[in-house]
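Engineer: Sequence:
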Amino acid sequence: MISTILTAVFITFAFIVLFSGIFTVKQQTAALIERFGKFQRISNSGLHFKVPVIDQISGRINLKVQQLDVLVETKTKDDVFVKLKISVQFQVISTRIYDAFYKLENSHDQITSYVFDVVRAEVPKMKLDDVFERKDDIAIAVKRELNEAMEEYGYDIIKTLVTDIDPDVQVKAAMNRINASEREKVAAEYEAEAERIKIVAKARAEAESKRLQGQGIADQRREIARGLEESVDVLNNVGINSQEASALIVVTQHYDTLQSLGEETQSNLILLPNSPQAGSDMLNNMIASFTASNQIGEAMKKENALKEKKRKEKEERKKRELPPQPPVEEEGGEDTPQE
Numbered sequence: 001m002i003s004t005i006l007t008a009v010f011i012t013f014a015f016i017v018l019f020s021g022i023f024t025v026k027q028q029t030a031a032l033i034e035r036f037g038k039f040q041r042i043s044n045s046g047l048h049f050k051v052p053v054i055d056q057i058s059g060r061i062n063l064k065v066q067q068l069d070v071l072v073e074t075k076t077k078d079d080v081f082v083k084l085k086i087s088v089q090f091q092v093i094s095t096r097i098y099d100a101f102y103k104l105e106n107s108h109d110q111i112t113s114y115v116f117d118v119v120r121a122e123v124p125k126m127k128l129d130d131v132f133e134r135k136d137d138i139a140i141a142v143k144r145e146l147n148e149a150m151e152e153y154g155y156d157i158i159k160t161l162v163t164d165i166d167p168d169v170q171v172k173a174a175m176n177r178i179n180a181s182e183r184e185k186v187a188a189e190y191e192a193e194a195e196r197i198k199i200v201a202k203a204r205a206e207a208e209s210k211r212l213q214g215q216g217i218a219d220q221r222r223e224i225a226r227g228l229e230e231s232v233d234v235l236n237n238v239g240i241n242s243q244e245a246s247a248l249i250v251v252t253q254h255y256d257t258l259q260s261l262g263e264e265t266q267s268n269l270i271l272l273p274n275s276p277q278a279g280s281d282m283l284n285n286m287i288a289s290f291t292a293s294n295q296i297g298e299a300m301k302k303e304n305a306l307k308e309k310k311r312k313e314k315e316e317r318k319k320r321e322l323p324p325q326p327p328v329e330e331e332g333g334e335d336t337p338q339e
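Note that the sequence shown covers residues 1 to 339 in UniProt numbering.
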C-alpha cells in the first residue's frame, strides 16, 4: 500500500518536472535561457523545451516597434522657454538580442537621456520662430545621435518626431495677438479698398446722373423755347406784335404756375405776387425790359455795322495805295519776243 502511494507520488512529480521543461514564446518576442546563471541560448516564437530545474528563462524581450514620448523643456536663442514633445520609435535588432538584454538595464531611461542632451544642444541655437520652422532638423539631429549611441546596445532608432511645441503661456498669448493684429491689418486694407471702390462707383453714378439731368434740362429748355417761338408766330399771325406776345405769354405762365401750385396738395408754401396789380407791374416791367433790350440790341447792331464799314474802307485804302506790279516775263513763252 505504501509502495503504491510512493509510486504515484513519484510519477506525479516526474510529470510536473517534465512539464516544467516545456514553454512557449509569443510572436515578435524572444526568450533568453540561462543554465546555472550563464547565458545558454535565445528561443524565438513557438514551442520549446528546456532542462527542468537546470535551465531557467532569464527574461523575455519585445521585438515589436516601440514608441517612447519624451517631454523636454529648454530655452531658445531669444530667451523663450519652450516645451518640446519628442516621439522616438525604436526596435530591438533581431540579431543583437543578447546586447539589448544584457548591456542595458533600462533602455527607456537611456533613450530619454540622449533626447534631452540633443534637444538642449540644438534648440538654444534657434529663435522661437525657427524652432517651429525647423522642427524636422531637430528630429533628424535626435535620430542621428540616438542611432550612433543605441546601435551599440542592439537598438535601431526607426524614426524621431517632434510632435508638439508648446511655448510659455505669455509668449503664446503675445504670438496670438501679433497674428490677430496682422489679420486685422489685412482686413482693414480690404475694407478700405472696398470703400474706395464704392466711393468711385458712387461718384461715377452721380456724374452720370448730373450729365443726364443737365441733358434733360437742356432738352426741356429747348422744347420750351421752341414752344414759345411757335406761340409768338401764332400771335403775330393774328396781328399781335412780338412785345405784346411775349408779355401775354409771361402773364399766362404766371397764372398757370399759380394754378399748378394750388392743385398740388403736398407742395411747400411759396409766397408769390398774385394780385392783379402785381401782375400788371410785372407785365410793365417785362415790357420795359424787352424795350430796353431791343434798344440795346439795335445800338449794338449799329455799332457793329459802323465797325464793319470802317474796316472795309481801310482795306480799300490799302489796296489803292499799293503800286502796280510789273508783269513777270516767262522765258520761252509764246508772248516773249524773239530776236
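For the record, the hints were derived by calculation from the structure and aren't laboratory data. One thing to keep in mind: the hints can contain errors.
What the hints assert, rightly or not - For lysine-lysine, the following DSS-like pairs were computed, each having C-alpha atoms within a straight-line distance of at most 25 Å:
| no. | residue 1 | residue 2 |
| --- | --- | --- |
| 1 | K75 | K172 |
| 2 | K143 | K77 |
| 3 | K26 | K85 |
| 4 | K172 | K77 |
| 5 | K172 | K185 |
| 6 | K103 | K143 |
| 7 | K103 | K125 |
| 8 | K172 | K159 |
| 9 | K83 | K64 |
| 10 | K125 | K172 |
| 11 | K85 | K127 |
Engineer: Starting from the hint list further up, note which numbers the structure goes against and sort them upward.
Structural biologist: Numbers 3, 7, 8, 9, in rising order.
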